[in-house]
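**Student:** Listed below are the residues making up each chain.
Number of protein chains: 2
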Amino acid sequence: MSNIYDHAYHLEKAIRESTDFQNLKSAYEAVMNDPESKQMFESFRDTQLNLQEKQMQGLDITDEEVEKARNVVELVQDNPTIAKLMEEEQRLNVIIGDISSIITKPLEEVYGFNQDEQ
Amino acid sequence: MSNIYDHAYHLEKAIRESTDFQNLKSAYEAVMNDPESKQMFESFRDTQLNLQEKQMQGLDITDEEVEKARNVVELVQDNPTIAKLMEEEQRLNVIIGDISSIITKPLEEVYGFNQDEQ
Ligand SMILES: [Ca+2]
Ligand SMILES: [Ca+2]
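First to last, the protein sequences are chains A and B.
The numbering of the first sequence is my numbering, which starts it at 15 and goes up by one.
The numbering of the second sequence is my numbering, which starts it at 15 and goes up by one.
Among the hints, a few may not be true.
Pairs count within a copy or across copies, as identical chains cannot be separated in the list.
DSS-like mimics (lysine-lysine), calculated; alpha carbons at most 27 Å apart, straight line [what the hints assert, rightly or not]:
| hint | residue 1 | residue 2 |
| --- | --- | --- |
| 1 | LYS27 | LYS119 |
| 2 | LYS98 | LYS52 |
| 3 | LYS52 | LYS39 |
| 4 | LYS39 | LYS119 |
| 5 | LYS98 | LYS119 |
Hints listed in this document are in silico derivations from the structure and should not be mistaken for laboratory results.
The structure displayed is predicted, hence computed values, not measured ones.
Generate the whole structure from the sequences, applying the supplied hints.
**Tutor:** Written as structure tokens, this is what we have:
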């Protein structure tokens, strides 16, 4: 039991010390240190969260909101500092997804999935 | 980078070798090796998955389905072999949840959550 947690903390440390994580951190700080990019990124994040929330609640999304979201995405895509951050986020997401697949494999085997991989 | 994956595989091994995981595996096998429990457990799982699917698609759940689900849950709760499996599943879910919190902590810190824990 404690062994599992020891290994989880070792993994956390490896993530924290990885080039991929350090690059993400730098990319995030670059956005936060540029007022224009920061404001644009926060506006993008707010817009995404609002739309997600509405979708989850089954609420209608107005034409005005679709238009606003489209504008924010266009602004964000043209901003190289934010584009860099999104690239690094994507990279970390792949790693986190891989880790999740690796550590849930024992459970999948119990429940009979991926039996050909055993 | 490869270091992250090394640690992820070490963690997977620690999970696989843990008493908690071995107990889950035994509890699952006990259910699968008892035809009555197996059939009940599979019926329970199918019912849960069907209801989840309907909810996600925003479809109505009929009175008949609610009644059927209630019956299946009652049967399952009275079966000690399945009750044991669910207890072990719950235990593993807590561990997996803890691991997930531990390894996503660096990301949370980048995005400014849990700043008091840094
Ligand atoms: Ca600028
Ligand atoms: Ca029996």
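**Student:** All hints are to be evaluated individually against the structure, with a verdict given for each.
**Tutor:** How the hints compare with the structure:
no., hint, in the structure
1, LYS27 with LYS119, "both (22 Å within a copy, 10 Å between copies)"
2, LYS98 with LYS52, "within (13 Å within a copy, 51 Å between copies)"
3, LYS52 with LYS39, "within (14 Å within a copy, 49 Å between copies)"
4, LYS39 with LYS119, "between (29 Å within a copy, 13 Å between copies)"
5, LYS98 with LYS119, "between (32 Å within a copy, 22 Å between copies)"
Of the numbered hints given earlier, the model fails none.
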